[in-house]
Amino acid sequence: MNNNSKFSVEDLDLFYGDFQALKKINMEIQEKEITALIGPSGCGKSTFLKTLNRMNDLVEGVTIKGKISLDGKDIFKEMDAISLRTRVGMVFQQPNPFPMSIYDNVAYGPRIHGITKKSVLDEIVERSLRQAAIWDEVKDKLKKSALAISGGQQQRLCIARTLAIEPEVILMDEPTSALDPISTLKIEDLAVELKKDYTIIMVTHNMQQAARISDKTAFFLVGEVVEFDSTENIFNNPKDIRTEEYITGRFG
Amino acid sequence: MVMRKQFINQLKELSKNVIKMGSIIELSTNEMIEALEDYDVAKAQAIIDRDMEVNLLEEQIERECINIIAQQQPLASDLREVTSIMKIITDIERIADQCADISEYIIQLSKLPRTEKPVRLEAMIDTTKGMVIDVIDAFVEKDLAKCERVIETDDIVDKHFNKIKQELADMMRANSDMVEQGICYVMIVKYLERMADHSTNIAEWVKFIVTGVLTIG
Ligand SMILES: Nc1ncnc2c1ncn2[C@@H]1O[C@H](COP(=O)(O)OP(=O)(O)OP(=O)(O)O)[C@@H](O)[C@H]1O
Ligand SMILES: [Mg+2]
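First to last, the protein sequences are chains A and B. Numbers 1 to 252, taken from the numbering used here, label the letters of the first sequence in order. Numbers 1001 to 1217, taken from the numbering used here, label the letters of the second sequence in order.
Treat the hints with care, as some may be off.
Claimed, not checked - Computed list of lysine-lysine pairs in DSSO-like fashion (alpha-carbon distance at most 27 angstroms, straight line):
#, chain 1, residue 1, chain 2, residue 2
1, B, LYS1142, A, LYS239
2, A, LYS239, B, LYS1087
3, B, LYS1012, A, LYS239
4, B, LYS1117, B, LYS1165
5, A, LYS118, A, LYS139
6, B, LYS1005, A, LYS239
7, A, LYS186, A, LYS32
8, B, LYS1163, B, LYS1117
9, A, LYS239, B, LYS1146
10, A, LYS196, A, LYS186
11, B, LYS1190, B, LYS1163
12, B, LYS1111, B, LYS1165
13, A, LYS73, A, LYS50
14, B, LYS1190, B, LYS1111
15, A, LYS73, A, LYS32
As the list claims (entries may be wrong) - Derived DEER-like restraints, expressed as beta-carbon distance ranges:
#, chain 1, residue 1, chain 2, residue 2, range
16, B, VAL1140, A, ASP71, 52 to 62 angstroms
17, B, ARG1149, A, THR63, 54 to 64 angstroms
18, A, GLN93, B, ILE1008, 22 to 32 angstroms
19, A, GLY42, B, GLN1071, 26 to 36 angstroms
20, B, GLU1062, A, SER41, 28 to 38 angstroms
21, B, LEU1027, A, HIS205, 42 to 52 angstroms
22, A, ASP13, B, GLN1071, 33 to 43 angstroms
23, A, ILE241, B, ASN1009, 21 to 31 angstroms
24, A, LYS196, B, LEU1027, 56 to 66 angstroms
Everything labelled a hint here was simulated from the structure, so no lab data went into it. In this text, all values refer to a predicted model and were calculated from it rather than measured experimentally. Here a beta-carbon is modelled for each residue, glycine too, at the ideal position from N, C-alpha and C.
Isolated chain A, as found in the complex:
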């Protein structure tokens, strides 16, 4: 295991019933870096991301082989799922705000962790919403339902909700796929800002986005990691012809 590895993934296999969705994945994910996961639809990016905070444990018929360690500790054997998820937050492909107010969505995590003082919660809510580049749009309607804002706003709210619990790792599954270009750039700036303190793993279908903000990029293809290297190498001079064909759009 590498010294700066946050996550260390060794020979990871994942099956949905008989179907093998991840095949012998080996990856060292560096601390305080942005790692981008790219690859065609259905290649296993979301599955891999969900495995990192054990969201797949809940899925019927899933078998996982191999080992994943977080700071050297086996996430399956030496940690429970709940404490893992407070350290590893997730932002999903589809915005999934809770059916409650904007304020309560963001305060939800901190409250679970026993924070009740209003001034502290107010502070966390404002900071998280600002970090997620949505504060100005919602500051006057914090008590309104989170379901009554636009999809793009909901996505940023979900990012704020994840930030509010101050995890160590943030998993993002296509966090900007529903956002307009300005909000997208705001989220990208945010990700770059956050990597000072957090480790970020982001699935994206936007090649330019991966090239812009990530340090490392992994190219997935039918459940395998074909190439995992510095983002510069992947986008300027990939080694594997399949990576080249995918990122240049020659892939049919």
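Given chain A, put chain B with the ligands in place with the hints provided.
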């Protein structure tokens, strides 16, 4: 299944125009040699006039590159191809300029009393011309071996340049009435030496397109 048809066509068109530009400098290099042979003013003038055509092509290719970057956001080998072409066309354009500059001196020489041409001039011209032709071929064929050959040949041109410069200095010292002609030849060989440098640059960019490794320095 073929994807990104429009993009692939844009890249093909781009490459075609670079080759067109390349064939113009091949033509100019050839004609420059002929013009120098017997101080042919009409031929020299034709080369100077043709320079405009190269400038326009350069502008056009530059615009095409910018459009491709804006519309297609090329990556990997595509990105290397487009960005390298933007560099290559400046080198081609400089070579065309140098053909025109040499032609100006051919016209000047035509008006002066004849002198013996420097002994190694023909060899230097042939070597430089070979580099220009080879490097355009290297671009078309993406041929690394040809690139290496061009890069190595640059040393030979440099040696010719230094020897001819010395020969011209000796000649001018001995015949003070030949100084004007001597200066014309010094300028001509300097421009030839620069043409070889630009060919070398192009060879380095073609290498970068193929290997992804930057060695330009
Ligand atoms: N709960 C499940 N049960 C069975 N198969 C699943 C399940 N979830 C995903 N799969 C299958 O596993 C494979 C990987 O799916 P996954 O969602 O990880 O892909 P992805 O790379 O995230 O794709 P996309 O880019 O479309 O989001 C696909 O073939 C998918 O159909
Ligand atoms: Mg997915």
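* **Structure-inconsistent hints, enumerated in ascending order** => No numbers; nothing is violated.
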